[in-house]
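Visitor: Sequence:
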Amino acid sequence: MSEEKILKGRYRLGKMVGAGGMAVVYRALDLETHEHVAVKMLRPELMKDIQLLRQFRKETQIVNQYQHRNIVRTLDTGEEDGVLFIVMEYIEGETLKEYIEQHAPLSHEKAVDIGAQLCDALFYSHSHHLIHRDIKPQNILMTADGTIKVTDFGIARIAQQSTTTMNASQAVGSVHYASPEQVRGRRTTAQSDIYSAGCVLYEMVTGHLPFEGETAVEIAIKQLNDEPVLPSKRIRDLSPALEQVILKAMEKDPDCRYATAREMDNDLRRSLREPNGNFVERKTSTTHFGATMNLQLDGVRDSTASGSRKVRQTPVQTVPRLNAFQIILIVIIIAGLITAGILLKRIDDERKELSNPESTSIVIPGVVGKTSNDAQQLLASEGLHCSLVQEASDEVPQGYVISQEPAEDTSVSKGTAVKLVISSGPPQALIPELTGMSVDEARSALEELGFALGEVTEVTDDTAAAGAILRQDPIADTSCVKGTQVAVWIRGQVEVVTFSMPDLVGMTEDSVGGYLRSLGLETGEIHRIPTSSYGAGVVVQQSPAYKTTVAQGSGIELWISNGLSTMYKKTVPISVTIEKEKAYVRVVALLDEGQIPVYQQELAEGEHSLEVTFETATEGTKTLVVYVDDEETERISVEVQGLR
2 MSEEKILKGR YRLGKMVGAG GMAVVYRALD LETHEHVAVK MLRPELMKDI QLLRQFRKET
62 QIVNQYQHRN IVRTLDTGEE DGVLFIVMEY IEGETLKEYI EQHAPLSHEK AVDIGAQLCD
122 ALFYSHSHHL IHRDIKPQNI LMTADGTIKV TDFGIARIAQ QSTTTMNASQ AVGSVHYASP
182 EQVRGRRTTA QSDIYSAGCV LYEMVTGHLP FEGETAVEIA IKQLNDEPVL PSKRIRDLSP
242 ALEQVILKAM EKDPDCRYAT AREMDNDLRR SLREPNGNFV ERKTSTTHFG ATMNLQLDGV
302 RDSTASGSRK VRQTPVQTVP RLNAFQIILI VIIIAGLITA GILLKRIDDE RKELSNPEST
362 SIVIPGVVGK TSNDAQQLLA SEGLHCSLVQ EASDEVPQGY VISQEPAEDT SVSKGTAVKL
422 VISSGPPQAL IPELTGMSVD EARSALEELG FALGEVTEVT DDTAAAGAIL RQDPIADTSC
482 VKGTQVAVWI RGQVEVVTFS MPDLVGMTED SVGGYLRSLG LETGEIHRIP TSSYGAGVVV
542 QQSPAYKTTV AQGSGIELWI SNGLSTMYKK TVPISVTIEK EKAYVRVVAL LDEGQIPVYQ
602 QELAEGEHSL EVTFETATEG TKTLVVYVDD EETERISVEV QGLR
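Residue numbers (this note's numbering): 2 to 645.
Some clues are possibly wrong.
Stated by the list, open to error - Restraint-style ranges between C-beta atoms, simulated for each label pair:
1. Glu456 with Pro276: 16 to 24 Å
2. Gly186 with Ser445: 52 to 60 Å
3. Lys583 with Leu431: 49 to 57 Å
4. Ser519 with Glu459: 27 to 35 Å
5. Gly186 with Pro241: 34 to 42 Å
6. Tyr516 with Gln486: 45 to 53 Å
7. Glu459 with Pro276: 20 to 28 Å
8. Glu459 with Glu406: 51 to 59 Å
9. Gln399 with Ser445: 23 to 31 Å
10. Leu231 with Glu102: 18 to 26 Å
11. His104 with Gly538: 54 to 62 Å
12. Glu102 with Val369: 45 to 53 Å
The set of hints was computed from the structure by calculation and includes no laboratory data. Even glycine gets a Cβ: it sits at the ideal position worked out from N, Cα and C.
Construct all of the structure, not just a fragment, from the sequences and the given hints.
Guide: Structural data, given as structure tokens:
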């Protein structure tokens, strides 16, 4: 395909980025939006299949109506030079298969994050009556921020109807994740996608496929008959709750699996909170879903009514066993004959309808208030087609018809499409990100979007501010019904223990550290100063001062004597005025030895005359700085000489 090929005068094709049994994918530039898109072009050899083309157009029209953050958006469809194509959003990233190959086994948290996103996408699609039918890591894309995007919605149904044979690698790739009912060729449901999601989870947490074999037939037989190796036998420290979620999703009997992807999503998230919990409800199937192949003829028994005569056996004719290739060939031939019969019947029915003009006029029945399935079946029985549109409603239950167009009792020709507006239930919105907010901020953010704050749980966590939200359930960007309550976990308020500071002056350096630790305090900065009043290694000053209120965990600054005895000693009178009920007065001497606190005391309102004494090893001008409640109020110069 030339790089200059332009589809619909809008999409300029670039390089090929992928290919499969149904289509080839190109990166392209949207000349209107100037954004890159992905263009999936149906293979030319499939364009001769009329039934396939009808189904392709129908499926792409349906999928084009819906959007979800975890589903690759379909932007446009068209036909160029006789080739059909789909335009989708272009996802930068890798497939989940590639991610698993590089990182498996994934952690509990990462597997649940990806699994929950997949369940969210499946619940949305199943709510809109879309069954994927080919969920596998190869059909799941991952962006750089960890968001997954499921692709090929609607294409799997078309692939099943195609008469073109898939190559061996494609067949094996899909059958690894196919449900037993798909392997048998039976009707697929939402539970079929849930089974495949369980297989994907199994591979994520173990790094192994549930069933392995050299051929698609071998793997398919294992899907029907065998149970997978328990994930916990492959990964010893696997969460028991997560294992139960996987095994329930992979039950052979669809009725024993999760009823909806939302139920599976809920159990996945709960497994993070209760990794050892026993909350997953497992059903026991009473139906045998295995498949056996036995081509040997048994002897025919002949007995009398009394059963006393010996058994007469007919000669047994040995039938040669068929190899896998012969079995597949027989299945293909039978399927081809059935398909041919169905097509001939359809052609004959269409011919009869065209030859009878009166049969093409139909009065549309009323389907408002019926379930979507009942409405579609009723209209189909009248020879009418359906076009479904989802709309939120507080009044009409989810899955029921809100309105129809054309209206009831309208006469139309056979084959007319009736537009049905289906209730998607109460309006939904995305849960906001609450992490880091306070409880009041979270409540306001939730109420603004129509949600409510649920249970608030306090936990211990030193990495966040007190009262800050650490996590939430449901998590951010989950699509939920308005009115949903969001539970949050916050860091609890830390109780601060305070007490009056003891007098440390006179204690030795060896003992003061242990004493502080016994009080829940820390040893802060230590200063070495000369003094004639105390011996070496003795505390001569402290900060905070004696009787000051301190909190546990505070650091205490200490001044310790270095043992010098020859000092200049000076006493200075100071006047201090306190103009409020009480204030903390501190005097610091600026000496060659450093800044030495020489007075610290809380004083009441009024005039105070103080005598402050300090020692220094050098002569000259010294400065005393007076602080009242840590605000400097006065500086006093003092001459020191001849006072040893």
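Visitor: Report the numbers of all earlier hints that the structure fails to satisfy, in ascending order.
Guide: Going through the list in order, the structure violates no hint and respects every one.
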